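Asker: Residue numbers (the working numbering), protein chains in the order written: chain G, -9 to 158; chain S, 579 to 914.
Just so you know, these hints were derived from the structure itself, not from any lab.
Remember, it's a predicted structure, so these values are computed and weren't measured experimentally.
Heads up, the beta-carbon is just placed ideally off N, CA and C, and yes, glycines get one too.
Don't take every hint at face value.
To be verified - Cβ-to-Cβ under 10 angstroms is the rule here; a few derived chain G residues that face chain S:
1. I48
2. M71
3. H73
4. V75
5. D77
6. T84
7. E90
8. A92
9. V93
10. H96
11. V105
12. G124
13. P151
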Amino acid sequence: MDRIGEPVEASVDLKPGDASKRFSMHAFGAVFSEVAVDPDLCETRVRRIVGAYGAGRIVNPKTSRSQRIGGMIGEIGMALMEHSVVDPRNGRVTNANFAEYAVPVHADAPAIMDVTFVEEHDPHVNPLGVKGLGEIAIVGVAAAIGNAVFHATGKRVRELPITPDKLL
Amino acid sequence: MHPFILERPRDLSAALALRAQAGRDDAPIEYIAGGTDMMQLLQEDVRKPERLVSLAGLLDNGIDIGPQGLRLGAAATMAEVAAHPAVAGQFPVISEALLASASPQVRNQATMGGNVLQRTRCPYFRDVGYAACNKRSLGSGCAAIGGENRWNAVLGASDHCIAAHPSDLAVALVALGASVKVRGAAGERAVALEDFHRLPADTPHIETVLEPGEVIAAITVPAHPAARRSHYLKLRDRASFEFALVSPAVALDMDGPQIREARVALGGVGAKPWRVPKVEAALAGAGLDDRAALRKAAPCRRPAARCARRRSRAAGRMILPRPWIASASRSRLRWT
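Just chain S, same shape as in the assembly (with noise of 0.2 angstroms):
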């Protein structure tokens, strides 16, 4: 590990302008707050920041619904807003896909902010024994295209990087039209969470709108009727600690047995939590047991396929007409 300097700001304001010294990309400072992401990025040697910004104590870990909806605090833990009664009642999903993540030990210290800002998985980002990557080093090439594969994006990649975006609880918040509170040195501004991630095009280093400086300060979820009526589903290699294969985060507003409304989202597949809106339309007056009308909504048969190429064919079929929507209705006793 790269020897830093841990600093340990009295308050926000001054951790920000700290890290605003630095610049947007391959920053030598860098912010740390439950660190079970960073402390990997360390110990690989994959990040080396010369100072670390504690971010402990400074931001708020408050979870408040009101009628205007949920507001998740940055350094709430994983663990702390999966157990929230009023969360796990009114936004399953959320709940669910926190359950679905990581182990007991590291949700008992991830933060909802580092969760949505947490690194890809790929392999070839998390070695530096490959010298290219364009995510560690612009211009060094993606030793990932070409290569063993099964882990990385099928949507969103791009011809200098296929790494696939990791978060289970980002995909949820996308399903539900979540924003993000972001504050820096100039304020506050709110940013739709779809929006937040960018996707890796030419600058696959840049993988968020934050600016220099700027932190997540807390994760707003609008109420909505579909809201109660959501899961997430995690297909995945082992039963448990493991990223996703595909994981979809389905949140449905019911007239009868009627979708009136559907709110969907792919998890591992995507270079940033995917939201399918064409699938969304598709299902959108459909019957829940209406297994036909399910199967025709599975999304995205022609992009898969076409990204099939940098993929293993093993990986491309994840996505392929499989009816997991069909299958994620089956928990429909969640959702009446």
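Just chain G, with the same shape it has in the complex (with noise of 0.2 angstroms):
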């Protein structure tokens, strides 16, 4: 600008493209869940979960497959035992720690955690053909437990978590 002498100004219009109308992009996933339910004390346990997720070029196939793991034994906690209980009086959460509020260990979590990505190649999401991993690791686990409970018991518990009493 100096040597020029004078402002230099310049001006782009830029708009998102219509990709998003024309193509689906989003990452897709089926899960399968098996598990056992104590016919006298009604207690659920997972044995077996199978995923198969389509989601673009998988950059790093140990961390998204150890990503997906971590999903679905958090979602063994939502299936089966979290649960944030609120006194309805005054809104307290009574369990507003570690202590109370149940997360599943390594006990609840199944030694059968079977991950599949289907190959996938979008040219349109963006050039590395890339989708986001992290959401899809918590969609469909419990959905898939609370069927599974279903075939094994006939109840259909509409309301997380499943946990024993709601089995008796």
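Using the supplied hints, reconstruct the complex from the two chains, each of which is provided in its own coordinate frame.
Answerer: In structure tokens, the structure reads:
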């Protein structure tokens, strides 16, 4: 600017394209689960979870698989135990610490958590063809567990978590 | 956390004298042994003692088995007792109850005496955000009554407190007729564990028959033919590191396929470890395969229904006529 001796002006008009209207570029998944329900005690244990995901180009298969498995375990918690118990009289959460709020421990995680990535080339989503993997890890597992409990017991539990008292 | 002075007396009599200076309830001076429960209570400001008297090194941690039975030193850790081969072999219900409790880290630290004396998990007791708790402050009321009380007691509760006793070990010990050796300035006395914890009634802040300054020195379990055929079953929301929704400790003296004598206690549902003599009587003479008799023996239908008013309906159902004894009997491989 010193050399030219006058200000430089430029303007660009940038708008999103219509790719998102023309193409569906989401990540997709299908989840299957197998549970065991004790007929006397109504305790539910997850025996197996199988998930298949189409999520564009998988840049790092090892960490992607780990994130899937973490999501599966997290959703065992959602399905079977996690519950913020709110006292309706004052709105206070009565189990607001990890001593009373149960999240899954190793003993709750099934030995078999099978993760498959369906090969997918999406030329439209972005130049690398990659998609977000975070949220889809915790979509579907709780529903699959709920369906498996229904299949095992005939009881359709409409409210998570599926604790033993709801199956008695 | 409220600041406190940690006293480390040189011998037990000095510790007893220190603690005896304080009154019986809301004591400004408290003992600490393994500390796994006390530290939580301190951190949550549930307890605010001026002084903590450490019992480290002052109580014995022996585990002795003889013809009279089992003696557990008060300072023996949960892990030591659970892993002791003679305990696991001759008193399996004790070993199983311990292994169903807490986590390995906690079991390495927590002691026998402290386990029996641990405070309730009632969330309204543990959360000082609630002013009303007769255990914390007598006369302030009970926030758990009419609140979210899925975890609370349906047996032995009162209009002043519905907190449940959380120990697994104590349930197994009560089933086996264990006693507590209590030591104070005046000497030693023995108390049946069944009489050791007090029901809340109108003084829920006083939980045991311990006098100021007294400590548990040891726990004794008499030899009994049922002890060897004993089992602890723990029903809970997750598979490990969780307190019981309901937990039967069952010990059977068998005459062939028939039950000669049964000892049964329940955890997770009582204001204290809850022995059920009517169930024991109903089981005597029944066969292990006689599912009808086992179902009939399921405990406490009427008291549970009465208490279900205080509790969420779902929780009240937990100990209604579900045949948990039939379920426990499936583990009879252990019992033969």
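Asker: All hints, please: hold or fail.
Answerer: Okay, the hints, checked on the actual structure:
no., hint, verdict
1, I48, "32 angstroms, violated"
2, M71, "5 angstroms, holds"
3, H73, "9 angstroms, holds"
4, V75, "5 angstroms, holds"
5, D77, "5 angstroms, holds"
6, T84, "4 angstroms, holds"
7, E90, "6 angstroms, holds"
8, A92, "5 angstroms, holds"
9, V93, "8 angstroms, holds"
10, H96, "7 angstroms, holds"
11, V105, "22 angstroms, violated"
12, G124, "24 angstroms, violated"
13, P151, "8 angstroms, holds"
This entry does not satisfy hints 1, 11 and 12, going by the numbered hints stated previously.
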